[in-house]
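Visitor: Sequence:
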Amino acid sequence: MKKVIIPTLFLTLCLIGFASAQSKSDGKVLKLFEDLQNVIISVSNSVKAAVVHIEVVQKQDDLKFKSLASGLIVDQKGYILTNEHVVDKATAVVVTLANKLEYPAEIIGVDKQTDLALLKINAPGKLTVAKLGNSDEVQVGEWVIAVGNPYGFDRTVSFGVVSGKGRVIPNIPTEVPLINDFIQTDAAIDPGSSGGPLVNLRGEAIGINSMGLGRAQGFTIPINMAKDVMQKLLQSGTIERGWAGIVLQPFSRKFARYYGVPDLSGVIIGDVQENSPAAQASLKPGDVVLKFNGQEVSAEKDEDLNKFSLLIAATPVGSKVPLEILRDQKKINLTLEIGTQPKVKPEEYETDYGFTVQEITDNLYRMRRLEDKNGVYVSYVSVGGAAGQADLDPGDVVRRVESTEVNNLKEFKDALQQVKGKKQILLQVKKGKLGRFVLLEPEEKQAKAGE
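In my numbering, the protein residues as written are -1 to 449.
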């Protein structure tokens, strides 16, 4: 009997000891999570005071609508960072602080390519200013907090990790090519969160939230990029970037084998724009760039091209950059003088006939895959206007007004001025590859509006 009792007693004591140790271990784990929770609460409370609610009145031809977004106070003078798409076509911007006070905001400047905008309010008293971190030090796996106003819910906090860095988002339907270098996070970034900060556990803003693409796919503009854009907008109100005038494509292993250089890495020049710095440097389609300013470059996939594009954009205008290229299986040295990037946002013109047109820029020509750059691009048509009744559609290209050929926006404006007051105006347009005639009847529109 004793032989049975002793082992049982020993096992019971062991189980009691294990349970006690497990309880202590559980307590330590719980304390660890409570400490983390307290950090999140503390950081959230400190950051929320620097996050603003933004209400924007936007105008698209004859339509007006309101949208809501977020912003981050970055200076005691009242400067606020937000997204360019938040204030695009804005006629009025109102900022609400954490204390519920409202102020009209001035748009100091925008940068469409980084989706950043700088606003300013004149608010008396001391503002709560965000601490700005160093996005170059951000690590994948780092815990982060996103703060914003999704769907109008003020200063909402979400928690997650940095899922990736240097992300490129292809095929985004934007007017201009974005400079893609996003921080990816699974912290929720929903409509209305745009312009709010992504913050680390030290309470430092490491990015400005830009967009969410589905569940747990948020994308944030690195704060170092935002600081650089802000400084340039404050200095001159505009952003000047380096430009070469080349269209790039990846130099994959297949291409390397075809070129007979399987061990080399580089970037293929797919096209060279006329009268560009690249054309003046005698670069040709099919050349493979191996080195740029002494630095080796490579891109095996589309997303890798972004690094080279950023390198060109960051090079000061006027710099003479040595290139090493591969042409006909021979290495050649050339010099490229960096030019100023042309205006990327097409100039728009709203007509009196219910449609808006844009200048056809190089970027618009490529993005819309137009036949050529002649004419003006129809970007908007009001359904009830003269153009809408005449079956003019967005995407059409106007090539002629009555008997006058138009090759650009200035010629289009001049041609419209010449026919002002006519009861009928004949336009020759391109719908894709097909030529069509469209007859505007502005007088008929006015008569219907008065009925």
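None of these hints come from the bench; they were simulated from the model.
Wrong hints could be hidden among the right ones.
Below, simulated PhoX-like cross-link-like pairs (lysine-lysine); rule was C-alpha separation at most 20 Å, straight line [claimed, not checked]:
no. : residue 1 : residue 2
1   : Lys98     : Lys75
2   : Lys124    : Lys110
3   : Lys124    : Lys46
4   : Lys57     : Lys46
5   : Lys46     : Lys87
6   : Lys252    : Lys299
7   : Lys343    : Lys408
8   : Lys431    : Lys421
9   : Lys110    : Lys289
Visitor: With the threshold set at 20 Å, check whether the alpha-carbon distance from Lys124 to Lys110 stays at or below it.
Guide: 31 Å, violated
Visitor: Between Lys343 and Lys408, is the straight-line Cα distance small enough, at 20 Å or below?
Guide: 16 Å, holds
Visitor: Under the criterion that the straight-line Cα-Cα distance not exceed 20 Å, is the pair Lys46, Lys87 satisfied?
Guide: Violated, at roughly 28 Å.
Visitor: Can you confirm whether the C-alpha distance between Lys57 and Lys46 stays at or below 20 Å?
Guide: With a Cα-Cα distance of about 30 Å, the restraint between Lys57 and Lys46 is violated, given a limit of 20 Å.
Visitor: Given the proposed pairing of Lys98 with Lys75, does the C-alpha separation stay at or below 20 Å?
Guide: 19 Å, holds
Visitor: Taking only the CA atoms, is the gap from Lys124 to Lys46 under or equal to 20 Å?
Guide: This hinted pair holds, its Cα atoms lying about 15 Å apart.
Visitor: Under the criterion that the straight-line Cα-Cα distance not exceed 20 Å, is the pair Lys252, Lys299 satisfied?
Guide: At roughly 12 Å apart (the allowed maximum being 20 Å), Lys299 and Lys252 satisfy the hint.
Visitor: Mind checking the alpha carbons of Lys110 and Lys289 for me, to see if they're no more than 20 Å apart?
Guide: It is violated: about 29 Å lies between the C-alpha atoms, which goes past 20 Å.
Visitor: Compare the distance between the alpha carbons of Lys431 and Lys421 with 20 Å, and conclude whether the hinted pair is satisfied.
Guide: Measuring from Cα to Cα gives roughly 29 Å; hence the hint is violated.
Violated hints, listed in ascending order, are 2, 4, 5, 8, 9; each of the other numbered hints is respected by the structure.
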